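Residue numbers (numbering that gives the first Met the number 0), protein chains in the order written: chain A, 0 to 143; chain B, 0 to 420.
Do not take every clue at face value.
What the hints assert, rightly or not - Derived lysine-lysine pairs resembling DSSO-like cross-links, with alpha carbons at most 27 Å apart:
hint	chain 1	residue 1	chain 2	residue 2
1	B	Lys45	B	Lys260
2	B	Lys24	B	Lys220
3	B	Lys340	B	Lys220
4	A	Lys110	B	Lys220
5	B	Lys207	B	Lys192
6	B	Lys45	B	Lys84
7	B	Lys24	B	Lys84
8	B	Lys386	B	Lys260
9	B	Lys340	B	Lys353
10	A	Lys110	B	Lys334
11	B	Lys353	B	Lys220
12	B	Lys340	A	Lys110
13	A	Lys40	B	Lys2
14	B	Lys353	B	Lys386
15	A	Lys40	B	Lys3
Unchecked claim - Coverage of chain B stretches by chain A, computed from C-beta distances (three or more under 8 Å per stretch; other residues unrestricted):
hint	segment
16	133 to 142
17	233 to 240
18	243 to 251
19	271 to 282
What the hints contain is simulated information worked out from the structure, not anything from laboratory work.
Just so we're clear, the structure is a prediction, and the values are computed from it rather than from any experiment.
For every residue, glycine included, the Cβ atom is placed at its ideal position computed from N, Cα and C.
As a plain string of letters, each chain reads:
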Amino acid sequence: MADRPISDYQFERFLDEGKLMGARCVGCGALFVPPRAICPKCHGSEMEWMETRGEGRLVAFTSISIGPPAMVAEGYDRNNPYCSGAVELVEGPRVVARIEGVDTRNPETIKVGTPMKAAFLQQGVDEERKTVLGFMPVDESRAS
Amino acid sequence: MNKKRKLGRGVAMVGAGMSAFDMFKDRDSKDLFAEAFVEMSNSVDKGLDPNDIDALYIGNFTNDFFAHQSHWGAILSDSLGLVPKPATRIEGACASSALAFREGVFAIASGFYDVVLVGGVEDMSKGSTETVAEGLALAAIPYERKAGFTFPGVFGAIATAYFERYGASREHLMDITIKSHDNAPLNPKAQYKATIRDMMRSKIKRAKEKGGAVPDWSDEKDFLRDPIANPAIAWPMHLFDCCPISDGAACILLVGEELAKHFTEDPLYVAGVGQASGRGLNAADDLTYFEATQHAANEAYEMAGLTPADIQFAEVHDCFSIAELLHIEDLGFFKPGEGYKAVADGLTRLDGEKPINTSGGLKCKGHPVGATGAAQLIEVWEQLRDKAGDRSVPNEDLRIGAAHNLGGTGGTCTFTILERR
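The following block holds chain A by itself, in its conformation from the complex (with noise of 0.2 Å):
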């Protein structure tokens, strides 16, 4: 694992193996998700992989009635609006990801502040097929 170069190719491969994985500054131990080569702190170019706990809390959303192509593709329109939104790590960074198990329909239910627990959303079909950052709020990660 610490011997995966510091790319976003990796990190999405980490997403694959279900790990949330960051970048953390050697010099100054600061920590990025997703991984930068480059520490903006120190300006240092040591950098290790550090796996997140993948917990955090909401902290902006929004719920999208008109998406990309590729969104539109999976099925997302005016009547089924998906949410994307911004999480802040327990570890410090935040990250933007899409926001599964909540009201999307609904948008006003949905609460900044959320606590949420990292989803490993699985998109597009053969070799189409990545793994999308998710998360979703911890009371109904746990209820599913």
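Add chain B to chain A, keeping to what the hints say.
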């Protein structure tokens, strides 16, 4: 390293023109830029010999995607008959032509050129709405795109963070929409010239003619709350929170300050220019302000020796209603968390103490993204030179105006202060 930045040579704005902004099935970027160029040329009080133009800086975001054609610098230099004058195309998402303006300023300030044409163009409307949304999303952070964000979605998410922090709501964003639409009918160049009340009346009239159920909205906010009239695009962003799809072009003539009086007795002077980069939703310092706007503004204020209180009116980048709210705080016009109260109190209306987006803003004037930064500065030009007609800021001593332009998720922001001496 933190030296106070100033121009090595003063720069003046002596001409400005823009095309109509709308969705044109029968006109391309060359046609639109030619229209803007002719208007600019005619605006130069003492006349412009095109042979005097030394170089062109053209902002364009992604005609490559929208119109399947790139290389707009050389194409426009040719279509304007300016070959072999060098032309440079500049891309900074929706801030492209404000960057072109700034590069033109530097080219003159360096002493290398004396007369520079700056401007921008975008030809967006030929594809479907989904295609336009996909094209615009090219300016998002890659992680945002992978998470399914569209631009309305990015700004919708920012709105939820702002609402949570400061207790504002959709109702406050409606104040911004209503204000922009109140200014729009006063701007002959606006893509949408109707007030919200005008639109309510015409929808009621149509419903009566059709014999269907006649809506009974009590006021503008009641109309904007109606999910049929104002559907969600990316909650909490609804249709009337979003700027339209537009084609258009805008261009400006810049000259060395000491040459300005050869072109006009009434030039505007570049008092301050600022530009900065920012990060996306995952990495920005905070989701309730744009770090790049703050840095750009500070640079421009410092260069100009001015403070936010000195700016008598401003065009700000209201691609979405929530964006205008953040900008008027980031630019220092109002304290963080106070912007929505100022808007509700009418302070940003045409007759308020700090008029914002007298043009109708991107929301009503239109937003051909590569042309927008230059077009904002043209509104400042018209206001300061007393050419704004019925939408003139009611101030007998109007001398200082500014324009703020934003690209992406606040990835590129500019602030430009113009002065009439």
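Lys45 of chain B and Lys84 of chain B: Cα distance at most 27 Å? 22 Å, holds
Quick check: the segment 233 to 240 of chain B, covered by chain A? Criterion 3+ residues, Cβ under 8 Å. With 4 residues closer than 8 Å to chain A, the segment 233 to 240 of chain B meets the three-residue bar; holds.
What's the verdict on Lys24 of chain B and Lys220 of chain B, does the C-alpha distance respect the 27 Å limit or exceed it? 33 Å, violated
Given the proposed pairing of Lys24 of chain B with Lys84 of chain B, does the C-alpha separation stay at or below 27 Å? Since the Cα atoms of Lys24 of chain B and Lys84 of chain B sit roughly 30 Å apart, the hinted pair is violated (cutoff 27 Å).
Would the pair Lys207 of chain B and Lys192 of chain B pass a check requiring their Cα atoms to be no farther apart than 27 Å? 23 Å, holds
Within a Cα-Cα threshold of 27 Å, do Lys110 of chain A and Lys220 of chain B meet the stated pairing? 24 Å, holds
Pair hint Lys340 of chain B and Lys220 of chain B, alpha-carbon separation not exceeding 27 Å: 16 Å, holds
Does Lys386 of chain B sit within 27 Å of Lys353 of chain B, going by the straight-line distance between their CA atoms? 19 Å, holds
Between Lys40 of chain A and Lys3 of chain B, does the CA-CA distance stay at or below 27 Å? Roughly 24 Å separates the two Cα atoms, so the pair holds.
Can you confirm whether chain A covers the segment 271 to 282 of chain B, using C-beta to C-beta distances below 8 Å and requiring at least three such residues? holds (count 4)
Hint check: Lys353 of chain B vs Lys220 of chain B, CA-CA at most 27 Å. Holds or violated? The given pair, whose Cα atoms are some 23 Å apart, holds under the 27 Å limit.
Keeping to a limit of 27 Å between CA atoms, is the pair of Lys40 of chain A and Lys2 of chain B held or broken? This hinted pair holds, its Cα atoms lying about 22 Å apart.
Taken one by one, the earlier hints fail for this structure at numbers 2, 7 and 18, listed in ascending order.
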